Every structure is written in structure tokens, then in C-alpha cells.
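There are 2 protein chains.
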Amino acid sequence: MIGQLIQPEIEQLINARNWITLKEIFSEMHPSETADIISDIPEKDRAIVFRILPKENSYKTFEYLEFDIQEELLKSLAKEELAEILNEMSPDDRTEFLEELPGPVVKELVRLLSPEERAIAVKLLGYPEDSIGRIMTPDFIAVKSQWTIEKVLSHIRKIGKEVEYIDTIFATDSAGKILDEITIKEVLLAKPDSIAEEIMNNTYVSLNVMDDKEKAVEMFKEYDLYVIPVVNDENYLVGIVTADDVIDVIEEEATEDIQKFGGMEALDEPYITVPLFQMVRKRAGWLVILFFGEMLTATAMGFFEHEIAKAVVLALFIPLIISSGGNSGSQAATLTIRAMALGEIKLIDWWRVMRREIISGLLLGLVLGIIGFLRILVWNSFSNIYGEHWFLIGLTLFFTLIGVVMWGTLSGSMLPFVLKRFGLDPATSSAPFVATMVDVTGLIIYFTVATLLLTGTLL
Amino acid sequence: MIGQLIQPEIEQLINARNWITLKEIFSEMHPSETADIISDIPEKDRAIVFRILPKENSYKTFEYLEFDIQEELLKSLAKEELAEILNEMSPDDRTEFLEELPGPVVKELVRLLSPEERAIAVKLLGYPEDSIGRIMTPDFIAVKSQWTIEKVLSHIRKIGKEVEYIDTIFATDSAGKILDEITIKEVLLAKPDSIAEEIMNNTYVSLNVMDDKEKAVEMFKEYDLYVIPVVNDENYLVGIVTADDVIDVIEEEATEDIQKFGGMEALDEPYITVPLFQMVRKRAGWLVILFFGEMLTATAMGFFEHEIAKAVVLALFIPLIISSGGNSGSQAATLTIRAMALGEIKLIDWWRVMRREIISGLLLGLVLGIIGFLRILVWNSFSNIYGEHWFLIGLTLFFTLIGVVMWGTLSGSMLPFVLKRFGLDPATSSAPFVATMVDVTGLIIYFTVATLLLTGTLL
Chain A
440 MIGQLIQPEI EQLINARNWI TLKEIFSEMH PSETADIISD IPEKDRAIVF
490 RILPKENSYK TFEYLEFDIQ EELLKSLAKE ELAEILNEMS PDDRTEFLEE
540 LPGPVVKELV RLLSPEERAI AVKLLGYPED SIGRIMTPDF IAVKSQWTIE
590 KVLSHIRKIG KEVEYIDTIF ATDSAGKILD EITIKEVLLA KPDSIAEEIM
640 NNTYVSLNVM DDKEKAVEMF KEYDLYVIPV VNDENYLVGI VTADDVIDVI
690 EEEATEDIQK FGGMEALDEP YITVPLFQMV RKRAGWLVIL FFGEMLTATA
740 MGFFEHEIAK AVVLALFIPL IISSGGNSGS QAATLTIRAM ALGEIKLIDW
790 WRVMRREIIS GLLLGLVLGI IGFLRILVWN SFSNIYGEHW FLIGLTLFFT
840 LIGVVMWGTL SGSMLPFVLK RFGLDPATSS APFVATMVDV TGLIIYFTVA
890 TLLLTGTLL
Chain B
440 MIGQLIQPEI EQLINARNWI TLKEIFSEMH PSETADIISD IPEKDRAIVF
490 RILPKENSYK TFEYLEFDIQ EELLKSLAKE ELAEILNEMS PDDRTEFLEE
540 LPGPVVKELV RLLSPEERAI AVKLLGYPED SIGRIMTPDF IAVKSQWTIE
590 KVLSHIRKIG KEVEYIDTIF ATDSAGKILD EITIKEVLLA KPDSIAEEIM
640 NNTYVSLNVM DDKEKAVEMF KEYDLYVIPV VNDENYLVGI VTADDVIDVI
690 EEEATEDIQK FGGMEALDEP YITVPLFQMV RKRAGWLVIL FFGEMLTATA
740 MGFFEHEIAK AVVLALFIPL IISSGGNSGS QAATLTIRAM ALGEIKLIDW
790 WRVMRREIIS GLLLGLVLGI IGFLRILVWN SFSNIYGEHW FLIGLTLFFT
840 LIGVVMWGTL SGSMLPFVLK RFGLDPATSS APFVATMVDV TGLIIYFTVA
890 TLLLTGTLL
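These protein sequences, in sequence, are chains A and B.
Each residue of the first sequence is one higher than the last, beginning at 440 in our numbering.
Each residue of the second sequence is one higher than the last, beginning at 440 in our numbering.
Just chain A, with the same shape it has in the complex:
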């Protein structure tokens, strides 16, 4: 925010090598803003600026930097500086940073950690990708349920400095198994000589360390929480997940779904930084599959070559008809996929959805059918392009559009159910995929209707 406003000024100070003033400015700046500035200045100045940051700020600032800039800084920093930064990073951000790097580099970096932090890092990196273990932090405050509030408070005062999030603390039994969560509010409002157990209400929820990240998203939405404790299979408290971590997960998931929906593999990297050939590869895959599917249209049309030769006018409406089917199909697929992702509809709702979509498809088909017929009616009064049989051609278009739109709507809405039923990701039924599927059938519907209505006149 501030970053952009004063950036020219800061650049001047860097050019003038005015470190003292810069140091002052950075010491009053939010680490996120400092990170913005470091991202915007020329590469050669980044390491210098980073070094003049106040110690405490530099750790935080590093966490806020984009991955490629972190990697670049990493190369220019001395081993000792690097060790210090890595040791001071919060464990969840460090895991995220490390998992982007190639294996040998990670090994190298983990060796720089203190024995204590190394144990944490190795443990977090050991959890499967996309598991809660990867986004949790092992920094939390646990108290025994038999302690007095006074003891709880003095415990918080003692170890609070090391812990990022102290607004909720956790009560465990003497072995370390979780019993409940207690908010700092409840602690502050309780009498100092009461026992922690007295302010427990046993209504906590928890995540398993092996659960999928998406589970955390669901629970944060369901329970409106700021933090959720993470336990292992024996119910021992091993970490916490906080709401800010989940905001990133939600955005990532929406991006994946949207990209799949656009008819390609998820990029998993920002558009602007993903290597060009990697991106082309991810896009070519689906494009080629769709192309093979779409080749069936050429085969299908081969069967109707004689009809087209007899009545070339039929060819004119082919793009109009197949795109109407594709568009209505992509609408239906979008709605179904998103409703599934949000948990609004489940597999067993297929019949409810089908009923809705049959009616919607019929109505939408009627609307387009009427417009299509009117187009032929109006054009016919100005020119003779459709010949003497314009009325029959109009009728063909009318019935075809109803059929094609209904079919598009129905297959667009049912395909995600089919995919889900077979354990595949419903988001794969992308707009282009549905359109391709509907194109082939749309042509068959078109020429069937035309044969029925036009044989003896045009055909």
C-alpha cells in the first residue's frame, strides 16, 4: 500500500546510498510493505536493502517475499545470515518455502537449522503434500487442565514470546492428549485462583494431521473459527492451523478449479512466472484430447455429405446450432461443478438437478428456437437466400435448437455427477469438454430433424 507511494523516494535514497535514513524508514514499515519495496527495486539492490533491515523485521519480511525473490536472496546471503533467517521463520512459512526448492537445496538448508528447528522442519516436511501437517505450525500454548488460572497466565507470559498465536490456548491431560480449547478471553475473565478445568466446555473441534487441506477449509467455514488444533491418531496435540493459512488454501483451490474449467491442467504456478514451455505443455494436453473428440464431428458430418450437397443452406446453420448446445452445456456444467465444490449438492441430488435442468433446458431451448425461427422469417422477407422452403427450414432450426439446448443442458449438468461417481474430479468436465461432447450429438440431432422435415422437398 504505502510501498507504491514512497517508492521513488526510496529508490533515490538507495541510489544516494543513504543507509541511515533508509534504516529509519524501514524500521517503521510493515514487513509486508518492506517486502513489496524489495520486490520492486532492481535485483542488484535487493540484498543490500535486505541487510540493512532491523533484525526482527528481516525475518518477517523474508516470509512475505515471493518465492523466486526468496530464492534469489538466498543465493546472495552468507551462510550465517541464512541460518539466522531460516531459524527465525515461523515453521509453517518455512515449510512452504522449503517445499518449493529442489531436494538437494532443501537438504543443504535443513542442515543450517538449529537441532531444535531441524527436528521441526524434518517433521513438517515428512507429512504428505496437501495434508494438514504441511500448513500447521507446531507453535502453540498448551496448559494442563489441573493448573490454576494464575499458573496458566504466568505460563503464557513465560513462553508467549516464542509463540505466534496465543489468542487460543489448549488444555491437555497430563500425557498431552487434547481435552479442550480455551480462549485468552476466558482466561482473562476467570478468577485467578480457579482451575483451568472450570472454564472448559468440551466443545472443541480438531483436525487430524493427515487430513487433506480441504478439510481445514470446510471446518473454518462451518465453525467460523480463527484457529483449529491438530492432533495425531492418538489424539495428542501436535500443532494448530490458523485462519490466515486457510485463506491462501481457498484461493489456490479456486484457481485450480477455474483453470480446469477453462479446459486445461491446473498450472500450480502464477501465470506470469510459469515457464512458457511448461504452460504450453499443460494447455496442449487437453487441447489435443478435445481435438480428437472434435474429429468425430467430421466423421459424423461425413454421413450427411449427400444431404449437405443437396441443400447447402443447411451448412450455414451448423456453427450456430453446435455453439448453442455448447454454451447451454457450459452454463449447466459451471453451476453443477461450483455447487458441488461448495457442498450445496451431493451425488444423491442428481435426480433433483436433472429435473431442474430438463425444465431449464426446455425453456432456454424454446427462447433460442423462437429467435432462430424469427431470424429466418425476417431474412426471408428481405432476400431469397432460403428459397421457397424457408418455412420448413425455419421449423427445422426451431426444433433442432430445442433439442440441442436440452441435450446440452442435460449432459452439462450430469457429466460432473458421472465423473464424481467414478471418483474423478467433477471440475474436469470443463466448458470446452462439454462443448465438444455436445457438438457431435448436436450435428446428429440437426440432420435427423432436417431429414424428418425436409425429405421430399429440399432433400
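Since the hints were derived computationally from the structure, they do not count as laboratory data.
Just so we're clear, the structure is a prediction, and the values are computed from it rather than from any experiment.
Don't be surprised by glycine CBs; every beta carbon is placed ideally from N, CA and C.
If a hint is listed, it holds; no wrong ones were tucked in.
Covered stretches of chain A, going by a simulated chain B footprint (3 or more residues, C-beta under 8 Å):
#1 463–470
#2 726–739
#3 749–763
#4 777–787
Fit chain B to the given chain A structure using the hints.
Frame of chain A, contents of chain B only:
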């Protein structure tokens, strides 16, 4: 979570009218789970079950219920019960509840509030839709910067009960203008006789009450916060926004973008509960616009009617060609729109994106062009469908596909920039919209290439 497991048991207890056991069960249940159970039991039992909930739980449970069940309960509860629930709801959830109801009902309900809560409700409802004012809560703890830590702590103990979120408190000057935010951690770790000002660092960020909700999303992502203070134009602290509110906003926005991207207006309501005719209307709008656009294909093809009559074989590849353009265009549009939504690319990056997309389009077009040519080569060795000029037809397909895919990729990626430049939502450049645009030009490219290569032989 628990809800589904013990639901049969609970239904049995309801049928047996065993209120005492039920009361016990509900008193130990998370309000969110109680809300799940109330949603799942038959309508006629809901009000009864709701009435046996412990007071404190019933307010919370009401907040967790879906809007239509809240409305239904509202009708069955006595005025006094209703007044109590409304008065105890947290102000931000109450605003959300009230804004869904028709105007006269809102007036009626606001009259049930205590004068204090009424003032809050009227104020929050007065902020524009989609503004921060609508999602903030006016419950927060403010302290004066000159107070001692001891006084701050006793203030928190005094008014903390009334306030939902106390993990961050706010320091103001004597007039109430915000000076800084202080975490409860900083308060707890400070010496009791030091002054609040001493633990301030003046690095807070804030939102204006009239800012758009999306601003809150951006800031939560940028700063990894749990709470952001909200100020008015004079910098007076008027409320706070918490991370859990923002999680809902993010999901809503992703849904809107995805639905627009599927080629329709955003539904603004869950798929399963939105009235059928309202949904059909929202879908029909775009479908009709796209249909009118697509009619241009019929016009364009009218110009090439003689070519088709001469070489019917050209018609066979029309669907294949236009869909390849549409698919590559929808990929490019998806990538660009999402990258814009995430702030990865901005308006000034158009040239960088264009360069990438020209190369991608060329490569993707080459891949499809080669496959298309091979298809004709292979088919030709089995049958005589393409006649003696199969090689020229294959070449036509090859060059057309390169042209169409490049054009699709380019227009798909640039359209979001054009829309954004003119202040429109880039997400409007949906897959179907791009496909329609590319269809017309795709046909022109096809027949132009065909005329160039085939005149004198087939044409």
C-alpha cells in the same frame, strides 16, 4: 460433523418427546452442529427443539442456521423470544440476516431491538451493499494510549464479556481516533506499570468503512492478519473486520467469477435454492446475446455458400475448426482472468502477456495443425472420401488451424485487458463469449485459406 452420526438417535428422542435427555445432549454440542441437526429434522419439530436449547446456545445456533430456516423459525417464535434472539446476535451476523428479508419485515424486527442495539442495526444497515460497513462488527475493545497496562487489563476484564473478539485491541487518542493496534499477547507480556504507548509500534493497517468488501480480502491476504480495524473518513475507529467474515467473501467472489466465466450472470444464491425461473432468466440473458453473436456465423457462411456448394468436403471440417479456436481462446481467457483476479498481472502487462500468447498460440496451432493434416493423410489411405486433392485439403486444414488457434489464443487473452481498460469486469469475457467471437473470424480464416489454396482445383 457429529450431527450426522447421532442424528437417528436424536430423532428417536424427539419422537419419544424425551426433552430432558435432548437438553443435556444439546448443552454439550457445538452450536454449529446443533444448527445442522435442526436443519435436518422435519420442519414441524424445529421450533420445539430450538426452544429447549440452553439460552446462550440458542443465540449462537440461530446465527449458524441457513437463511430460509431462520426465516421459518422467525415466524413460529413468540415476539419476546424473537426480541431476545435478535438482541443477542452479533451485530455483523444480524446485519447479514436482516438484509435478506423484505423491507417491511426488517422494520418490524428492528423495532424489537433494545434502543442500543437498534442504533447499531440501523447504522450497519445504512452502509452500502458490498461495503466494509456491512461485514464489520462494532464490538471491539479500545483503550487510550496513556493508560497503564494494568488499567488496560482491568478494562478488558470489565467489558470483555460483551465483546466477541478481544485478541487484538486498539489504542486511540482521547478523541477516539485510532493510533495503533495492540495484540493481547503484547499486553500480557508487558510490565503492568508501563504505559500502553510504550508497546505501540505504529505499524497498523486499517480499512475505511465505505471501502468495498474486496479491499478487505486483499488486505487479509497481503498482511496475514486475523482482524483489521475499520475507520471513518476522520480516522475514528468504528468497527473491526475479522478473518472468518472474509473467508465467506472470498468464496462468494470465486463463485461469481466462475459463474460469469461459464457464460451467465452470477446467481447470488445457492444453485439448489434459487427459484427456477430466476435462474432461467439469468442464464437466458447471456445465452440470447451469444446466440445473436453466433448468428453472424450464418451470415459469414452465406458469403461462402458457392464455395461450399462446389466443395462440400469443406463443410465437414467447420465444427472441428471453430471449436479448436474456441477451446484455445477459452484457455487463454481463463488464465488471464484468474491472473488478473489474483493481482498477478495488471493492465500494463498486456504486452508481456501478448508476447507469451503469440508464442503459445503458434506452438499449440502447430500441434493441432499437424494432427489435422495427419488425420487427412491416414483417412485418405483407407478411403477416397477426400478425392484426388486430399493433399491440398490437408494443407488448408493445417494452415487454417495455425491461424485459428493463434487468433483464438490472442483474442482470448487480450479481451480481458480490453474489458478492464474500459472499467468492465474482465470475468465477463467468458469461455462461451470468447468462443462465439472466435467462431466468426475462424470461418473467415478458413474460407480465405481455402480460396487461396484450392482455387483452380476444387474451387
